Each structure stands twice: as structure tokens, then as C-alpha cells.
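Residue strings, one per chain:
2 protein chains.
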Amino acid sequence: MFTILPIKGLFDQIEGFYCDGISAGLKANNALDLGFIYSDTLCEVEAIFTNNKFQAAPLKHYQMYDKNFKTNFVLINSKNANALTGQKGIENIDTIFSSLDFELVNPIMSSTGVIGNHLPVEKIIAGAKKFDLNSKNAHNLSKAIMTTDAYSKTTMYEVKLEDGSSFKIGAVAKGAGMINPNLATMLCFICTDANIPKEDMKEALLENSETTFNAISVDGDTSTNDTVLLLSNKKSNVYDKDAFKEVLRLVMHDMAMLMVSDGEGAKKAVAFEVLNAASYEDAQIAAKALSNSLLVKTALFGEDPNFGRIASTIGASRVVSDENKLVISYNDVIVYNKGEFVFNEQIEQEAAKVLKNDKFKIICDLGVGKYSFTAYGCDLGYEYVKINADYRT
Amino acid sequence: MFTILPIKGLFDQIEGFYCDGISAGLKANNALDLGFIYSDTLCEVEAIFTNNKFQAAPLKHYQMYDKNFKTNFVLINSKNANALTGQKGIENIDTIFSSLDFELVNPIMSSTGVIGNHLPVEKIIAGAKKFDLNSKNAHNLSKAIMTTDAYSKTTMYEVKLEDGSSFKIGAVAKGAGMINPNLATMLCFICTDANIPKEDMKEALLENSETTFNAISVDGDTSTNDTVLLLSNKKSNVYDKDAFKEVLRLVMHDMAMLMVSDGEGAKKAVAFEVLNAASYEDAQIAAKALSNSLLVKTALFGEDPNFGRIASTIGASRVVSDENKLVISYNDVIVYNKGEFVFNEQIEQEAAKVLKNDKFKIICDLGVGKYSFTAYGCDLGYEYVKINADYRT
Numbered sequence: 001m002f003t004i005l006p007i008k009g010l011f012d013q014i015e016g017f018y019c020d021g022i023s024a025g026l027k028a029n030n031a032l033d034l035g036f037i038y039s040d041t042l043c044e045v046e047a048i049f050t051n052n053k054f055q056a057a058p059l060k061h062y063q064m065y066d067k068n069f070k071t072n073f074v075l076i077n078s079k080n081a082n083a084l085t086g087q088k089g090i091e092n093i094d095t096i097f098s099s100l101d102f103e104l105v106n107p108i109m110s111s112t113g114v115i116g117n118h119l120p121v122e123k124i125i126a127g128a129k130k131f132d133l134n135s136k137n138a139h140n141l142s143k144a145i146m147t148t149d150a151y152s153k154t155t156m157y158e159v160k161l162e163d164g165s166s167f168k169i170g171a172v173a174k175g176a177g178m179i180n181p182n183l184a185t186m187l188c189f190i191c192t193d194a195n196i197p198k199e200d201m202k203e204a205l206l207e208n209s210e211t212t213f214n215a216i217s218v219d220g221d222t223s224t225n226d227t228v229l230l231l232s233n234k235k236s237n238v239y240d241k242d243a244f245k246e247v248l249r250l251v252m253h254d255m256a257m258l259m260v261s262d263g264e265g266a267k268k269a270v271a272f273e274v275l276n277a278a279s280y281e282d283a284q285i286a287a288k289a290l291s292n293s294l295l296v297k298t299a300l301f302g303e304d305p306n307f308g309r310i311a312s313t314i315g316a317s318r319v320v321s322d323e324n325k326l327v328i329s330y331n332d333v334i335v336y337n338k339g340e341f342v343f344n345e346q347i348e349q350e351a352a353k354v355l356k357n358d359k360f361k362i363i364c365d366l367g368v369g370k371y372s373f374t375a376y377g378c379d380l381g382y383e384y385v386k387i388n389a390d391y392r393t
Numbered sequence: 001m002f003t004i005l006p007i008k009g010l011f012d013q014i015e016g017f018y019c020d021g022i023s024a025g026l027k028a029n030n031a032l033d034l035g036f037i038y039s040d041t042l043c044e045v046e047a048i049f050t051n052n053k054f055q056a057a058p059l060k061h062y063q064m065y066d067k068n069f070k071t072n073f074v075l076i077n078s079k080n081a082n083a084l085t086g087q088k089g090i091e092n093i094d095t096i097f098s099s100l101d102f103e104l105v106n107p108i109m110s111s112t113g114v115i116g117n118h119l120p121v122e123k124i125i126a127g128a129k130k131f132d133l134n135s136k137n138a139h140n141l142s143k144a145i146m147t148t149d150a151y152s153k154t155t156m157y158e159v160k161l162e163d164g165s166s167f168k169i170g171a172v173a174k175g176a177g178m179i180n181p182n183l184a185t186m187l188c189f190i191c192t193d194a195n196i197p198k199e200d201m202k203e204a205l206l207e208n209s210e211t212t213f214n215a216i217s218v219d220g221d222t223s224t225n226d227t228v229l230l231l232s233n234k235k236s237n238v239y240d241k242d243a244f245k246e247v248l249r250l251v252m253h254d255m256a257m258l259m260v261s262d263g264e265g266a267k268k269a270v271a272f273e274v275l276n277a278a279s280y281e282d283a284q285i286a287a288k289a290l291s292n293s294l295l296v297k298t299a300l301f302g303e304d305p306n307f308g309r310i311a312s313t314i315g316a317s318r319v320v321s322d323e324n325k326l327v328i329s330y331n332d333v334i335v336y337n338k339g340e341f342v343f344n345e346q347i348e349q350e351a352a353k354v355l356k357n358d359k360f361k362i363i364c365d366l367g368v369g370k371y372s373f374t375a376y377g378c379d380l381g382y383e384y385v386k387i388n389a390d391y392r393t
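One line per chain: the protein sequences are A and B, in this order.
Okay, so the first sequence: first residue is 1 according to the UniProt record's numbering, each after it adds one.
Okay, so the second sequence: first residue is 1 according to the UniProt record's numbering, each after it adds one.
Each hint should be verified, as a subset may be incorrect.
List time: in silico BS3-like cross-link candidates among lysine-lysine, alpha-carbon distance up to 27 Å [stated by the list, open to error]:
| no. | chain 1 | residue 1 | chain 2 | residue 2 |
| --- | --- | --- | --- | --- |
| 1 | A | 386 | B | 325 |
| 2 | A | 60 | B | 325 |
| 3 | B | 338 | A | 60 |
| 4 | B | 53 | A | 361 |
| 5 | B | 70 | B | 130 |
| 6 | B | 60 | A | 325 |
| 7 | A | 338 | B | 356 |
| 8 | A | 386 | B | 60 |
| 9 | B | 88 | A | 325 |
| 10 | B | 325 | A | 88 |
| 11 | A | 53 | B | 361 |
| 12 | A | 53 | B | 88 |
| 13 | B | 67 | A | 353 |
| 14 | B | 88 | A | 338 |
| 15 | B | 241 | A | 356 |
| 16 | A | 267 | B | 70 |
| 17 | A | 386 | B | 245 |
| 18 | A | 325 | B | 53 |
| 19 | B | 60 | A | 359 |
| 20 | A | 386 | B | 359 |
| 21 | B | 267 | A | 386 |
| 22 | B | 53 | A | 386 |
| 23 | A | 361 | B | 386 |
| 24 | B | 338 | A | 88 |
| 25 | A | 53 | B | 338 |
Stretch by stretch, here's where chain A covers chain B in the computed footprint (C-beta under 8 Å, at least three residues) [to be verified]:
| no. | region |
| --- | --- |
| 26 | 33-42 |
| 27 | 142-153 |
| 28 | 297-310 |
| 29 | 370-383 |
Derived by calculation from the structure, the hints in this document are not laboratory data.
All of these numbers come straight from a predicted model, not from anything done at the bench.
Ideal placement from N, C-alpha and C gives every residue a C-beta, glycine not left out.
Can you make the complete structure from the sequences, with help from the hints?
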């Protein structure tokens, strides 16, 4: 048995972790754009990266370390992704780290921003030299990693085991959806003092990513820089495998939900629940098809209970389905029932009312099996177009 | 040898075909919403339908005929898709046809519009009773099948063989992209007097659909009603297999290009050429990924030569690729060259100039093989959101 408590504050409360964000002149108007996480002991580290074929230089740099490397430092910049930058992109990272006077052990870099430009190495070095490694300012760090994010994203938990011992875990992230290979890639940094064995770190990350970061969509694109990094300094000396998996799922779910709610102009966060599919894969395909469909997303923006688009998207996804078994509801309002016409004026009004909420569910019961999956998405409106049309400026 | 001549006018010029469009009160303001194609002899017929799992009632109705059925009549309505309407949706079609006094042989129905409502049977019968089967008014027909189309879509060719004999082929279509399961499905009706054997019809349709209708994208959605119908009355008594395939490709290409240029507010028609891919499938996957990417489409809308989005989309498509072999150009302006930095201010300005055109190419030379594919797409801006947010109203 264990108890998971959401706690106020940020991961800089965890003993031994230090962080901050400063302005290095990458963004205009002295906005925060360069940050770090420093640990006063060596951390075990595990990561999940984008499956984009063109992984950015920092991802390649990370993967050049030995499999079981430990680290005490993560440097993070926004505004430039250091992607599609070839060998020089990797060399620039080494140049930056070798110019700093801190005692760095296997330092990690993480970047987000425009693709195809080399890092402004001098600015980054000059900025990093100003870091105070005694800072505990996760708030500034969470600001420094933002790109098109409307708000910064943090979460923090304490886990108490039955014997009274406890460990902490917290995260900062950026990302306005699974989106924007260009300027807004998804990054998430998770710090913990749990005494987790190295082999459990990857397992817990992978198991939980499927239903959290891989279940959200703003526009269905995958960036060159997506990174989820888990750092553990083990200082609590406490660990419970089930408790850790559960709290990591909460941390990742919190971050994923904050991202999807911040989907570049999105006003609505929607859970697309596909129930009773013929296979888990089918449930996943159908749920993700719904959360990715432009037609569904624009109908949500228009607050139009246009269930034909839901049904058609299920059909277009080619999963096992039958229009005489399908049931579609907005929260508990059934709008399509196994081919029977139920969408009268009253039902339409009730459905329209659900759509006016900031958060609601669209439930598709396929009625052909026993597998379910929930994907998370948002509406898509004028603001998305505006943000993405004028991106680099 | 043969010559293909684009000719003015519409397919109603082909001997034996009659058509018209009228207002039956399905659309508001007496807009044209019901049309027909009538042939004074029985036609050989072949069709390609959507691969959406929830095929609309008219598609099911068609497929209930014998494999080699002939027909003399196609009835087409807009505003209601008769999809997700169960058995009653099919019965309604029979009710409509049995209420008409014309001598109909295996009549075909085709519908486009909102999903999930039953056809207004009485209105359609009353409207169809007003048809004059001697009309030759393909212009009105092309208007009657429009939904969100900004303009009607027609094309017409004459094919002259070496011996001086000739046949004609023409088409009307609707569709503002491969889009909108809800109100704007893609329909295309092609009429010819070529003396084509039944077995060649399907082959020619399938061969050409891959590089025409299946190569365009406005939003990557597949509707419940998509239909391409080829009718031949064989009256010319003339046929040449190569000539027919070639002219059918032109007809389908013309229609596909008109659709993609009419992509619900689109201002730009863009050819995404993927060259030197490792396989034909890879070329197709990468080209379609580009034409479907929201990030690419919004950057086109913003006229931003943001090649990072192109590269990232190629990478996200997971085809065989290497950033040190990839070359990206806008028309003939190279913006990314095998990892070398070429995107200086002058190149950026030249690229931005290309993007100001209504039509241009984005070329991605993967440099890893010898296969190519071209997909066609458009930009996506505020107008798309507006049209799709307020759809059913």
C-alpha cells in the first residue's frame, strides 16, 4: 500500500536538484530562453526520444554516451532546435560544454525551436556562464523552455509508503500538443529522489508513455526533438515499484493533459474514448484517428454536435466496426444508437450543451469486442492557423 | 498513335447522354440540389467507391446489382449523404425510383451532404418528377452536386485515332479536397461514347486513381460517399486502349486538380514531389505525409519558406532517409542541401518569392533510391476553419 499526494511547489523542492532559467538573448525582449538542471550527486538517467528519422543533434549527442552513463547536468535552450544541422550540430554541443567551468559529468543538452539553423554558440556560452548552480528556481526553468506554450507546465507529487518512508517526483515540460516540429517540440524533464534501479526507469517510462504522451494529439505531427528525460538522484533511499509506476503515470498524464489543453489556441480538451473494440490496436487506431481528425477538431471548435464526422472518422480508420452496433455519445448524451435514428431536436440541444464545456468525453462504443483506449485531443480554430502561419517570426 | 484534344463544352455534347440540375428544396434559397444523367441506350458502368467502413446507402444500393449490370439513369442529390442510415436508407432509394414514371433500368443513386439523416424522400420524388429527360444541361448538373465547392468542376476531351475515327469523354465532379465526410464528399461522374470493353473500365479507373484522386489531399479524411462513376454508351463505336487510359488519366487529373485548388479556402495548389526514394511505397508515404501535414499547410498559408517543417515531416513519415542525402527545393530554389547550410538571406528571399505563387512545387530528393511520387495539396487557413466549424448550418 502507498499514498500519492499532489504537493504544492516544484521539483526544486527535491533535495539535491538545482535549476534555473535565464535570458541569453535567443528570444526577443529578454525573455527566458536558457535553463539548467544540476544535481549535486550523479544521477541515473533514462530517456524516451522522438521516433522521427531526423533526430536532432542533442538527441544524437545523448546517445553517444555509454548505455549506463550517469550525469549531473542538463542544459536546455528554446528558440533553436539544433535539428538538421549535421555533424556541426553535435560539435557545437561539445564546444558549449567544454567552455563552461562547472564540474560537468556527461552533460546532456536539450533544445527546442526552429529547425535547420546552427545554435548561437557564443550566446549560449555567455548565458550559461551566468548560471548559479545553487539556484532552486524551477519556475524560471519552466518559462525558459516555452515556445508557443500559453502557460508553463509543472507537476509535483510525494509518495508515502506504508512504513512512513517517502520519495518525491516532479516535472517541468513544454509543448502545446504533440506538435510543431518547427518551434514547439515536446520536452519533459522529470526529477525524482526515488531509489529506483536503472532497469525499472525505462520500463516505467515506456509503459506509461503509451497512455499519456502518445495518447495526445494537437495536430498529429512528430517533431525532431521530442524528449522525455527521467533523472533520479536516489537521495530518498526509498522505492516501491508499483508506487513509482503509478506516480510516474500521474506525472506524465498531468503533463500530457496540460499540453493538450494548451494546443495552440485550443479552448477544449476532449477525451476520445473508444470502447469494446475488436482489439487493443483497433481501439488505439480509432481513438487516435478521432483526436487527429481535422474535421472532428473544427466541428468541436464550432461546438457543433456533428456526430456524422465522428462516425465517418471511425469508418475511415478501417477498424472492425458495424454501423448497426456503433453507439456514439457526448458525455452521457447518446446521439447515434446502432443505426436507429435518435438525433431529434432535444437530443441535439443536449449534445450542443455538452460541447460548450471546456472538457468533455466523446464515447464511441464499437460493440464488437472488449478492448478500449482513450486518446486526448482538442479543438482547432483560427488561433492555430495564426500561430502556425507566422511561425518563425 | 492518337491525339487528345481538350474541347470546349461539357459532356452533354456526347451523343445519347442527357443531364440537368434543378432545385428540389434540399438547399436553401432555391439553389440547385438535384440532378440526373440519363442515357437513351443502356450504358456499361464501372465505379470506384470510398474505402470508408461505413459506406453510404447509395453505395450499398449500387453493389446490390449484378456484377455486369447496365444502367440508363443516375440520380444525384446534395445536402444529405444518406449515410449511417441503415436499411431504411436503402429502402428510401427504392421508394424514390419506384415513384418515378421514367423507364429506368437499374437506376443508380449518388448522394452528398450531412451524414446521419434520412433522405427527404417526398421532396426528391417531387423534384425528380420535374426532370426533362431531353435536357442537355451539364452546367446545371455540375451546380446541383456542389456542397462547399467554390466553383463547379467539369472537363471534356475528344480523342482522335490515326484512322480519323474519334470518341469523346467528359466529367463533372464535386469536392473541395479529399475532405469532409460531413457535407463535401467527392463525387465524379465520367461519361464517354468510347466502345470500351467492360473489363477495361475498372482497370483504367483503378490505374489512374492512384496518381489523381488518391494523390490529392485537403485534410486527409475519407468520406462515406466518395464515388467515381464511369458510364459508357459505346455510341462512337471507337476504342483504343492506350488512348483511353491516357485521356481518362487527363480527365481524372483535371478533376483532382480542380478539387485541390478548391480546398475550402485554399489559395495555393502545391505539388509535393518526392524523388529518389528507396521504394515506390516510401515515395508515396512521404509525398502524402507532406500534403497532409497541418504544419506544412499552415506554413504555406503564411508563405513562410520554413523548410524545417518539410524535413521534419519526411522524418516523421519514417521512410528510408538520411539528412546527409536529402535535398529540399521550392521550385528550383534549393533551401536544404545534404546537411550543408545553404539557407542564407538571399536564398530565403528567393524561396519566399516562390511561395507567393498560386502554384508551385516542393521537391524532396531523398537520394536513397530511384522511386518517385507526386502528391497534390493546398494551404490551410482561416477560411478552412470557418467553413468546417459552421458546417451543418
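Going down the list of hints, with the structure as the test:
A distance of roughly 33 Å separates the Cα atoms of residue 386 of chain A and residue 325 of chain B; the hinted pair therefore is violated under the 27 Å criterion. Only pairs whose Cα atoms come within 27 Å are accepted, and residue 60 of chain A paired with residue 325 of chain B is accepted, the gap being roughly 18 Å. Annotation: proposed proximity of residue 338 of chain B to residue 60 of chain A holds, straight-line Cα distance about 17 Å (limit 27 Å). Restraint check: the Cα-Cα separation between residue 53 of chain B and residue 361 of chain A comes to about 23 Å, which is no more than 27 Å; the hinted pair holds.
Restraint check for residue 70 of chain B and residue 130 of chain B: satisfied, since their Cα atoms lie roughly 24 Å apart, inside the 27 Å limit. For the hint linking residue 60 of chain B to residue 325 of chain A, the alpha-carbon distance of about 18 Å falls within 27 Å, and the restraint holds. Between residue 338 of chain A and residue 356 of chain B, the direct Cα distance comes to roughly 49 Å. Violation of the 27 Å bound is thereby established for this hinted pair. Distance restraint check for residue 386 of chain A and residue 60 of chain B: the Cα-Cα separation of roughly 42 Å exceeds the 27 Å cut-off, and the hinted pair is therefore not satisfied.
Between residue 88 of chain B and residue 325 of chain A, the direct Cα distance comes to roughly 16 Å. Compliance with the 27 Å bound is thereby established for this hinted pair. For the suggested pair residue 325 of chain B and residue 88 of chain A, the alpha carbons sit about 16 Å apart, so the restraint of at most 27 Å is met. Restraint check for residue 53 of chain A and residue 361 of chain B: the C-alpha separation of about 23 Å stays at or below 27 Å, so the hint holds. Distance check on the hinted pair: residue 53 of chain A and residue 88 of chain B sit about 49 Å apart at the alpha-carbon level, beyond 27 Å; violated.
Of the supplied pair hints, the one linking residue 67 of chain B and residue 353 of chain A is violated, its CA atoms being roughly 47 Å apart against a limit of 27 Å. The hinted pair formed by residue 88 of chain B and residue 338 of chain A meets the criterion: a straight-line CA distance of about 13 Å does not exceed 27 Å. Between residue 241 of chain B and residue 356 of chain A the CA atoms are separated by roughly 57 Å; this puts the pair beyond 27 Å, and the hint is violated. With a CA separation close to 52 Å, the supplied pair residue 267 of chain A and residue 70 of chain B exceeds the 27 Å bound.
This hinted pair does not check out: residue 386 of chain A and residue 245 of chain B have alpha carbons roughly 43 Å apart, beyond 27 Å. A distance of roughly 13 Å separates the Cα atoms of residue 325 of chain A and residue 53 of chain B; the hinted pair therefore holds under the 27 Å criterion. Taking the CA atoms of residue 60 of chain B and residue 359 of chain A, the gap is near 37 Å; set against the 27 Å cutoff, the hint is violated. A C-alpha spacing of about 22 Å is found between residue 386 of chain A and residue 359 of chain B, which places the hinted pair at or below 27 Å, so the restraint holds.
Using a Cα cut-off of 27 Å, the hinted pair residue 267 of chain B and residue 386 of chain A holds, with the two alpha carbons roughly 16 Å apart. For the hint pairing residue 53 of chain B with residue 386 of chain A, the CA-to-CA distance comes to about 35 Å; that exceeds 27 Å, so the pair is violated. Pair hint residue 361 of chain A plus residue 386 of chain B holds up; C-alpha atoms about 23 Å apart against a cutoff of 27 Å. Proposed proximity of residue 338 of chain B and residue 88 of chain A is supported: the alpha carbons are some 13 Å apart, at most 27 Å.
With a C-alpha separation of about 15 Å, the suggested pair residue 53 of chain A and residue 338 of chain B falls inside the 27 Å cut-off, and the hint holds. Beta-carbon proximity to chain A at under 8 Å applies to 0 residues in the region 33-42 of chain B; the threshold of 3 is not reached and the given coverage is violated. Closer than 8 Å: that is the beta-carbon criterion, and the region 142-153 of chain B has 0 residues meeting it against chain A, so the requirement of 3 is violated. Given a C-beta distance limit of less than 8 Å, the hint that chain A covers the region 297-310 of chain B holds, as 9 residues qualify and 3 suffice.
Note: the region 370-383 of chain B has 3 residues with beta-carbon separation from chain A under 8 Å; the three-residue rule is met and the coverage holds.
When the structure is compared with the earlier hints, violations turn up for hints 1, 7, 8, 12, 13, 15, 16, 17, 19, 22, 26 and 27 and for no others.
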